[in-house]
Structures are given as C-alpha cells and as structure tokens.
Amino acid sequence: MFFEVVLVGRGGQGVVTTSTILADAFLRDGKSVQAFPEFGPERAGAPVRAFVRVSDQPIEVYTPVEQADAAIVFDANLLKKFPPNKILKDGGTLVLNADASSLEHEEGYRVCRIPAAAIAKSLGKPLSIGVALLGAFSAFSRMIPLEKVSEAVAERLSAEDVRVVERGFGEVVAVAAE
0 MFFEVVLVGR GGQGVVTTST ILADAFLRDG KSVQAFPEFG PERAGAPVRA
50 FVRVSDQPIE VYTPVEQADA AIVFDANLLK KFPPNKILKD GGTLVLNADA
100 SSLEHEEGYR VCRIPAAAIA KSLGKPLSIG VALLGAFSAF SRMIPLEKVS
150 EAVAERLSAE DVRVVERGFG EVVAVAAE
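Residue numbers (numbering that gives the first Met the number 0): 0 to 177.
A couple of the hints might just be wrong.
As the list claims (entries may be wrong) - What follows is a list of derived Cβ distance ranges for each label pair:
{"#": "1", "residue 1": "Gln66", "residue 2": "Pro144", "range": "24 to 30 Å"}
{"#": "2", "residue 1": "Phe1", "residue 2": "Pro144", "range": "32 to 38 Å"}
{"#": "3", "residue 1": "Asn76", "residue 2": "Glu106", "range": "30 to 36 Å"}
{"#": "4", "residue 1": "Ala117", "residue 2": "Ala158", "range": "17 to 23 Å"}
{"#": "5", "residue 1": "Gly123", "residue 2": "Val60", "range": "23 to 29 Å"}
{"#": "6", "residue 1": "Phe1", "residue 2": "Glu159", "range": "22 to 28 Å"}
Hint data in this document are derived by calculation from the structure and do not stem from the laboratory.
In this text, a Cβ means the ideal position worked out from N, Cα and C, and glycines have one as well.
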C-alpha cells in the first residue's frame with residue numbers, strides 16, 4: 000500500500016497540527032509515514048497545505064505530492080484555488096468541512112461533507128475542526144482505525160478533542176446509514 004493525503008486549509012486552522020496527528024495515527028498502525036507542510040505567505044488566513052505519505056514499506060519518495068489519493072479540506076471556499084482535479088487523483092477521496100447541501104457533487108471523486116466546524120463548536124472546541132475531519136476521514140476512507148486516531152489525538156491534545164474525533168467519525172457513520 001502507498002497512499003498520499005493532502006490537507007488544505009487556512010493559516011490558524013491547525014492544518015499542520017492535524018497532518019502531524021494523522022501521521023502519528025498511521026505510525027501507531029504500523030505504517031511508514033512522511034509528513035510535511037507547504038506554506039505560502041505566512042499570515043493568518045493564508046492558504047496552507049500539508050501532506051502525509053503512508054506505506055507498508057519504507058518510503059523512498061522525496062518529491063512533492065502532485066495529486067493525492069485523498070484530500071481533507073478545512074474550508075470549502077479553498078476548492079476554488081485547489082479544485083479536486085488539481086489536488087486529487089481520479090476516484091480520490093475528498094473529506095470536506097461543509098454542510099451536505101452547500102456544494103454540488105464533485106464528479107469522479109468519493110466525497111464526504113461533514114459540518115466539522117459546527118461539531119467542534121458544539122463540543123466546546125471551536126478550534127478543533129481538523130480533529131473532527133480526522134474522525135470523518137477515519138470513517139469514510141477506512142484507511143486508519145478510529146482507535147489509532149483517538150490515541151494520537153489524546154497524546155497531543157486533550158480528552159475533549161477525542162470526543163470531537165469520535166463525533167466526526169459518528170456523523171459519517173450516521174450519514175452512511177441513511
């Protein structure tokens with residue numbers, strides 16, 4: 000298995016922290032990983048991308064990620080700057096912080112829309128959008144067990160953030176069941 004994830008958000012949303020937690024979760028699952036950010040102008044609100052590579056074998060690729068297998072997008076408005084066909088392979092997985100009715104369907108991709116900001120805010124953790132998105136990514140992609148994501152979150156953040164991960168995971172399961 001060789002898998003690449005791109006995380007897209009704005010400065011201050013925790014994109015780099017979220018990528019580090021995702022990499023840690025994959026390490027806990029026995030995978031080889033690389034995680035690295037890409038910054039533009041360093042200011043709050045500027046677009047930020049981070050990348051995670053995952054493999055069952057040691058990773059010997061050191062080039063930038065051109066088109067990932069999955070994308071985790073913190074702000075749906077950034078899809079104008081980073082459209083799925085530019086950041087994702089055909090058939091890739093897109094986990095998006097957005098209301099289910101707020102965007103048109105992206106043809107050719109597996110799309111999961113989750114109100115991550117609302118979930119994080121409702122649990123008293125308004126800055127934990129990325130944590131809710133990680134829960135959704137775990138449920139939707141089935142690439143990483145929720146248990147490993149929760150362990151990584153608990154070590155780096157707080158028990159309250161683990162609840163945010165679980166709620167993000169649960170929202171995807173609930174939508175899939177409908």
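**Request:** Of all the hints given earlier, name the ones this structure violates by number, lowest first.
**Result:** 2, 3, 5, 6
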